[in-house]
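Make a model of the complete structure from these sequences and hints.
Keeping their order, the protein sequence lines are chains A and B.
Positions 1 to 336 (our numbering) are the ones given, in order, by the first sequence.
Positions 1 to 284 (our numbering) are the ones given, in order, by the second sequence.
These aren't lab readings, by the way, just hints derived from the structure by calculation.
The beta carbon of each residue, even a glycine, is placed where N, CA and C say it ideally should be.
Hints should not be assumed to be uniformly reliable.
Sample of chain B residues at the chain A side, in silico, Cβ under 7 Å [as the list claims (entries may be wrong)]:
| id | residue |
| --- | --- |
| 1 | V34 |
| 2 | F92 |
| 3 | L95 |
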Amino acid sequence: MVPRSGLPGGSAAVVAVILVLMPLVLPSSTMATEILIFAMASLACNLLLGYGGLLSFGQGIFFGSGAYLSSLVMMHAGAGLISALLTAIASGAVLATLVGALAIRRTGIYFVMMTLAFNQTAYFIAYTLSDWTGGDNGLLDVPRPPLALFGATLADLSGATAYYVFVAVLFLLVFIATVTVISSPFGSTLIGVRENEARACAVGYDARNFKIVAFALSGAVTALAGALYAMLLNFAPLENIQLSMSENIVVMTVIGGTGSLLGSLLGAGSWVIISDILAEVWPRWLILMGGALILIVLFLRGGLWGGVESLMQRFSHQNKGHQGPDDAPDEKDESV
Amino acid sequence: MLYLFQVLNGLGLGMIYFLISAGLTIIFGLLNFVNFAHGAFFMLGGYLCWSLTELTGNFWLSLLIGPPAVACLAWVAEAALIRRIYRLPHTFHILVTVGIALILQETTIMIWGPTGKNIPVPAGLQGVVTLWNFAYPTYRLFLIAFTSLIGLALWYLLEQTRFGGLVRAGSESAEMVSLLGTNIHRLFARTFALGVGLAGLAGVLSAPIRGVHPFMGPEVLGIAFVVVVIGGMGSFTGALLGGLLVGLVQSLMSTIWPEGANLMIYGAMAAVILLRPYGLFGRA
Numbered sequence: 001m002v003p004r005s006g007l008p009g010g011s012a013a014v015v016a017v018i019l020v021l022m023p024l025v026l027p028s029s030t031m032a033t034e035i036l037i038f039a040m041a042s043l044a045c046n047l048l049l050g051y052g053g054l055l056s057f058g059q060g061i062f063f064g065s066g067a068y069l070s071s072l073v074m075m076h077a078g079a080g081l082i083s084a085l086l087t088a089i090a091s092g093a094v095l096a097t098l099v100g101a102l103a104i105r106r107t108g109i110y111f112v113m114m115t116l117a118f119n120q121t122a123y124f125i126a127y128t129l130s131d132w133t134g135g136d137n138g139l140l141d142v143p144r145p146p147l148a149l150f151g152a153t154l155a156d157l158s159g160a161t162a163y164y165v166f167v168a169v170l171f172l173l174v175f176i177a178t179v180t181v182i183s184s185p186f187g188s189t190l191i192g193v194r195e196n197e198a199r200a201c202a203v204g205y206d207a208r209n210f211k212i213v214a215f216a217l218s219g220a221v222t223a224l225a226g227a228l229y230a231m232l233l234n235f236a237p238l239e240n241i242q243l244s245m246s247e248n249i250v251v252m253t254v255i256g257g258t259g260s261l262l263g264s265l266l267g268a269g270s271w272v273i274i275s276d277i278l279a280e281v282w283p284r285w286l287i288l289m290g291g292a293l294i295l296i297v298l299f300l301r302g303g304l305w306g307g308v309e310s311l312m313q314r315f316s317h318q319n320k321g322h323q324g325p326d327d328a329p330d331e332k333d334e335s336v
Numbered sequence: 001m002l003y004l005f006q007v008l009n010g011l012g013l014g015m016i017y018f019l020i021s022a023g024l025t026i027i028f029g030l031l032n033f034v035n036f037a038h039g040a041f042f043m044l045g046g047y048l049c050w051s052l053t054e055l056t057g058n059f060w061l062s063l064l065i066g067p068p069a070v071a072c073l074a075w076v077a078e079a080a081l082i083r084r085i086y087r088l089p090h091t092f093h094i095l096v097t098v099g100i101a102l103i104l105q106e107t108t109i110m111i112w113g114p115t116g117k118n119i120p121v122p123a124g125l126q127g128v129v130t131l132w133n134f135a136y137p138t139y140r141l142f143l144i145a146f147t148s149l150i151g152l153a154l155w156y157l158l159e160q161t162r163f164g165g166l167v168r169a170g171s172e173s174a175e176m177v178s179l180l181g182t183n184i185h186r187l188f189a190r191t192f193a194l195g196v197g198l199a200g201l202a203g204v205l206s207a208p209i210r211g212v213h214p215f216m217g218p219e220v221l222g223i224a225f226v227v228v229v230i231g232g233m234g235s236f237t238g239a240l241l242g243g244l245l246v247g248l249v250q251s252l253m254s255t256i257w258p259e260g261a262n263l264m265i266y267g268a269m270a271a272v273i274l275l276r277p278y279g280l281f282g283r284a
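Now the structure itself:
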């Protein structure tokens, strides 16, 4: 479960190649954009779950509020693209700090239950403030302004491909930032807190602060994803802030693989593709996701990405014909 | 008079919440994990009530058959799935029960359709009871009385019987109970079935008041979490008082500020977390 210490630029390069290939392989660049948006949310969830060991069922709070607030500042305050996204990021960070600070007063199961209850709170707030959020109908006619800096228009994003490129660049930036955070001393300490909180505290780290900062980062990225999603749909539905959104984000993160950032891309990708293919034929495709979740816990705890990795390892073993010195413990990884 | 009406409503609602949360808390106490499918089993109880009432025209039959049927399903789920993951960290328990909840929710939509259903108030309990100039729905009175009886029975089961003793002892140390010669797996399975059965019972009882719809599971789960966070996880008394408190707050607020009624119960939870992080009756 400990992240491998490969080249930090290595996985970013892999992501860059995937980002270029995705619109070519997938049926539409809108679909590719949707994958990246959910991969971003999943990345943020992974930072908490895979590295901080914090299972949050409150990610929908940040996703939904990012969508609402960015849309509202564009519609009512005439904000441009960049200031709308910055609003989302800031509000996500603030809300996540709040939720995190309250929820981590308790650990373990209580913590998880509280994140879920806070998600319900946020949902009812959004539902109650229907003058602003549109309530059940959602917030309609969300604009997608052009990318402009200091009044100069740099790019028109109204086309699907142009928007994909914009989201892809943001995704790559977020990915690199997340890799940097995880490989920084902060990331190592966060993992240390996950592995043994008492010991981390004993050597002088304030575990609470580390968790709250992780929450703030996660909330900021999730809110950014929410804002991008609203601009993609030109619509911010109430579903964005519902508990099911939090659940979906957790499920795609786990299916993709916790503790590996590429897994988040894989998880979000398979989620969006499967839902897109099956939604027409069989609207009850969520059953498959429920089943997949159970199977992953039972048989493939590293998620899909963990499965891919162990396949690649087996393959490279056969090619080399001998076992590398650091390959041996991998077999026992699960028991750790 | 309006307030008395709402207080009684709140008591009935609170007792329903108590049944749900007691199930959650009993399972947590012994098995040490939170059943995220609890709300989905509650929903299933409601739908079984609808089907059996439609089929036989008799609510009482659904009250007799529904909850045990839900408990049986839980027993099967425990034997087939949950038993395999006890030794894993609690994150995995949560994920598996989330998976079960998703499957139950989607199966419900496949069987009963995506829209909600209304269940008629049972034949003998329609109408109102009038006392001086105060009228109150008979079914809601029945609800308060019946859930109180169930609460007493549950208290007797947990405090006075051998099974209850084992459950309480197991909550302290499941390993020790196992070492003393009790078949702990059977105890776990029965407790899980009992806890989920209570959710099913609550589902059946609340169906004639609130109807059923396929997405009610998460909503109920959220409320049950508020109750156990307020009352303290693993505490029977906490589940009772937390349930009643949430029920009363929700029902009184619905006259004062209808839109904010649901919001208030979460506000109450936040206040309890800030003032007493372990809940009103929780063990540290």
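Given B/V34 was flagged as interface, is its beta-carbon under 7 Å from a beta-carbon of chain A?
Check passed: Cβ of B/V34 comes within 5 Å of chain A, closer than 7 Å.
How about B/F92: closest beta carbon in chain A under 7 Å, or not?
Hint on B/F92: holds, closest Cβ of chain A at ~5 Å, below 7 Å.
Are B/L95 and chain A close enough, Cβ to Cβ, to be under 7 Å, as the hint says?
holds, 5 Å
Checked against the numbered hints given earlier, the structure satisfies every one of them.
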